[in-house]
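Visitor: Generate coordinates for the entire structure from the input sequences, incorporating the hints supplied.
According to the numbering used here, the residues represented by the sequence shown are -12 to 265, in order.
Treat each hint with caution, since some may be false.
FRET-style restraints, in silico, Cβ to Cβ [said to hold, decoys possible]:
{"no.": "1", "residue 1": "K29", "residue 2": "N62", "range": "43 to 53 Å"}
{"no.": "2", "residue 1": "A96", "residue 2": "V143", "range": "24 to 34 Å"}
{"no.": "3", "residue 1": "K150", "residue 2": "R89", "range": "51 to 61 Å"}
{"no.": "4", "residue 1": "K149", "residue 2": "D69", "range": "10 to 20 Å"}
{"no.": "5", "residue 1": "D69", "residue 2": "E193", "range": "13 to 23 Å"}
{"no.": "6", "residue 1": "Q44", "residue 2": "K150", "range": "29 to 39 Å"}
{"no.": "7", "residue 1": "D263", "residue 2": "I230", "range": "12 to 22 Å"}
{"no.": "8", "residue 1": "A249", "residue 2": "K208", "range": "52 to 62 Å"}
Below are the EDC-like pairs computed for lysine to aspartate or glutamate, each with C-alpha atoms no more than 20 Å apart in a straight line [what the hints assert, rightly or not]:
{"no.": "9", "residue 1": "K58", "residue 2": "E151"}
{"no.": "10", "residue 1": "K192", "residue 2": "E176"}
{"no.": "11", "residue 1": "K147", "residue 2": "E47"}
{"no.": "12", "residue 1": "K178", "residue 2": "E194"}
{"no.": "13", "residue 1": "K93", "residue 2": "E47"}
{"no.": "14", "residue 1": "K74", "residue 2": "E156"}
{"no.": "15", "residue 1": "K124", "residue 2": "E35"}
{"no.": "16", "residue 1": "K71", "residue 2": "E161"}
Worth flagging that the hints you see were computed from the coordinates, not collected in a lab. Quick reminder that beta carbons are idealized off the backbone N, C-alpha and C, glycines included.
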Amino acid sequence: MLNTQNNRTIWLYGATAISLALVGSGIAYYILEDDKQVKRRKAGRRAERTSLRLLHQIKEEQQAIELNIKKVEGNIEDQDCDEKSFKQKEYTLAHSNELLLRLMEKLDAIRPLTVIMGSETEAEPNEFERSLVSNIKAKKRNVIESIEELFRRLDVANIKVKKESSRREQIAKEKERLEKEETERLAREEKEREEVRKENERLAKEEQERIAQEEALLRQKEEEVNLAQEILSKQDDYEQVEIIEQEEANEQEEQASKQEEAILAAMKEVEQEHEDSK
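Guide: Spelled out as structure tokens, the structure:
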């Protein structure tokens, strides 16, 4: 009887101990599970904040790009814009397109489920984690839609740029053609002026040569006239000398004749006197 009671007591104590152990294990399990859930929630929240900060940064970059596009897209067809400013617009649009592609690459790297679940990609997300994933997806979708809208605006702007570039190219070609024609016209005029100048120089040279020849002929004629006059003058002098010499000779002959006659007359008188004296 006593042994039976002791066995029953022992069994009760054992059952109680087992029950307490089971309860303790259950409590410990629930505590561990709760701690695990808390850590998952905290990790998920941190991952969400990190992703949202990155999305916010991408959104700010998208807004900055949008501002640059807005400055350009409204005045692409401004004809008063010089070529340097137009090239700057082309560069802004092309660079904006490149920056948007980079943002899309950054967005593609953000995988909401992977971000929240981390290495536990095979685990099923709980309701809280699904809400975090949905929130990130919504924010990401919002940024993607904004970027896609900018891509559409860029397409429209690039069409305008292409048309304006074609128009400017035609104007440049026409300007080049006109400048070429003007250059050729000026070259022709310069050539004509040069030909006229050379012709005038040739005519002037011929005129100078003609005048020089005429002057030479005049000088030659003058020299011939002077020489002829000099010759005539010398001939006159010679004739005058001959006349004077002839006159002097005649005078001498006449004087000689008179002297001879006087002598003869004197001789006759002497003879006559001599005869008379006989």
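Visitor: Looking back at the numbered hints, which does the structure fail to meet, lowest number first?
Guide: 3, 5, 7, 10, 11, 12
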